[in-house]
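Since the structure of chain Z is already known, use the hints to place chain Y on it.
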Amino acid sequence: MNETDARSAVLQALREVAPDVEAEDLDPGARLRQDLELDSLDFLRLLELLAASTGVAAQEEDYASLTTVQSLVDYVAARA
Amino acid sequence: MPDLRMPSLGADMERGKVVEWLVRPGDYVHRGDLIAEVDTEKTVMEIESFEEGVLAEYLVELGQTVPVGTPIARVTGTPADVPAGPPATPIATPPDVASPDGAAATAAAERAVPPPIRHLAHRLDVDVDHIDGTGPAGAVTRADVEAAASAGPRSSAPPEPAAARPPRSSPRARRLADELGVDLARLTGTGPDGAVIGDDVRRAAEGRLEERPAGAVPAPTAGGDGADVRGERARAAERTASLRRAIGSLMARSKREIPHYYLSTTIDLSSALEWMRDENADLPLAERLVPAALLLAASARAAKQVPEMNGLFVDGAFRPSDAVHLGVAVALRGGGLVAPAIHDAERLAPGELMSALRDVVARARAGRLRRTEMSDPTITVTNLGDLGVESVFGVIYAPQVALVGFGRVVERPWAIEGLLGVRPVVTATLSADHRVSDGLRGGRFLALVDELLQKPEEL
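From first to last, the protein sequence lines are chains Z and Y. Under my numbering, the first residue of the first sequence carries the number 1, and numbering increases by one thereafter. Under my numbering, the first residue of the second sequence carries the number 81, and numbering increases by one thereafter.
One or more of the hints may lead you astray.
[What the hints assert, rightly or not] So the derived label-pair ranges between C-beta atoms look like this:
# : chain 1 : residue 1 : chain 2 : residue 2 : range
1 : Y       : Gly501    : Z       : Asp35     : 30 to 36 Å
2 : Y       : Arg315    : Z       : Asp35     : 24 to 30 Å
3 : Z       : Gln34     : Y       : Ala321    : 24 to 30 Å
4 : Z       : Arg31     : Y       : Ala366    : 23 to 29 Å
It should be emphasised that the hints constitute simulated quantities derived from the structure, not laboratory data. Everything numeric in this text was worked out from a predicted model, so none of it was measured. Yeah, the Cβ is synthetic: ideal placement off N, Cα and C, and Gly gets one too.
Next up, chain Z with everything else stripped away, as it sits in the complex (with noise of 0.2 Å):
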């Protein structure tokens, strides 16, 4: 999957779990846990949308990688 197509993956996911953040303003390097407040459930809902619609499940032992709007990004776009 391009980055592109990963990114519009992750916001869409995001949306549905953080309605109030403003998705398309949203730099990259938003941090999920300190800057969106993503708490632990909200994470694993994240990981569930995007596994659904791009069939990347994550590995519980990358989440601690995956901090940022962007890693999400790259993780997705380098295994979709």
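Okay, now just chain Y, sitting in the frame of chain Z:
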């Protein structure tokens, strides 16, 4: 048979309003059936019936704020007791254009038409403001409404343009409409009294998506929609403000009445997290555990073993609870928090607790909690650690007597049997009520949480 009354949905609730009926007059309701959505100052909740029978009529208007204990609907024993309603054959009911806060409400106040009559009039499509009453002091009676209905639809009132006033709609419908960009005024409602409900909005949005060619951008919104969006934002702001007031008054009461004491301990989570990773390795994403599930499981089991932490302080005395209904503090996006209960949490395995947690958090954020979830917690856990802090000393939710807090899981140097290693640890805290327990019992509780987390396979 007694009326259904506005229930108390928490110690701090004084009034509420019905925002959506989930049953219609003529429906048979069982005890425990969900009958309405009620808006308290804190959230919107579904309430259930305490009676069994046929719902005869509504006694309050949608959107009318009434004190706790006010009758909101009448239930009769058998269908024969129900007053004559509309014919059994389906009739086309146009969407109800009367808005509870609009001009109709003003007229209603002047004429003092009782809500049951007004409801009957809505059902029969009669405008009560345009018929002459034959009751005492010119009051409109049931017979007047029925006579007007048989005389023909709204002959006395000119038809109003549909866009003049928004149709009646449920909060979920308004929220969805806002999210999906659907104009509520264009929809025909299928809910009670023709109210626009969530499914109507969803259908409308789906229909529009099908019509739209792939890749096309949404049509620019009409000028009027901007005002709707602003109205929605204003309502959201008002909700946040009233939630903040409700939290403030509850917490002030807690600090005024409860002599808190606070304890803290640091717990090694390496066994718990290792066990969790092994479990998760075989599980699909949707069933994976998060550390919070283990912390909740351990807290619930410890509360079962230290009864002084689990129960309610009411009328000057502590009433321990046999079951552990674990309140979970849920931060709402946009501000504020609610702490609904996971029932009988001490009996749930971590996996079950995890799905209960996901369910209750999702519904709390969507404003779809049930009455018992708000009023039942016997002890509450707050898990602020997810968002970064290392420890949290909470304020007890009166009339509960203890609040457990967990901070962030962090890696720290940790000495075991003279050797130094790096371990994931969490700071667990307890705020407890000195009228019920002392530090010794509180300490026992936290020590138990620690012990339980060292044997996660037994949770």
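Now the hints, each set against the structure:
1. Y:Gly501 <-> Z:Asp35: 30 to 36 Å: For Z:Asp35 against Y:Gly501, whose Cβ atoms are near 32 Å apart, the range 30 to 36 Å holds.
2. Y:Arg315 <-> Z:Asp35: 24 to 30 Å: At roughly 27 Å between Cβ atoms, Z:Asp35 and Y:Arg315 fall inside 24 to 30 Å, so the hint holds.
3. Z:Gln34 <-> Y:Ala321: 24 to 30 Å: 26 Å, holds
4. Z:Arg31 <-> Y:Ala366: 23 to 29 Å: 25 Å, holds
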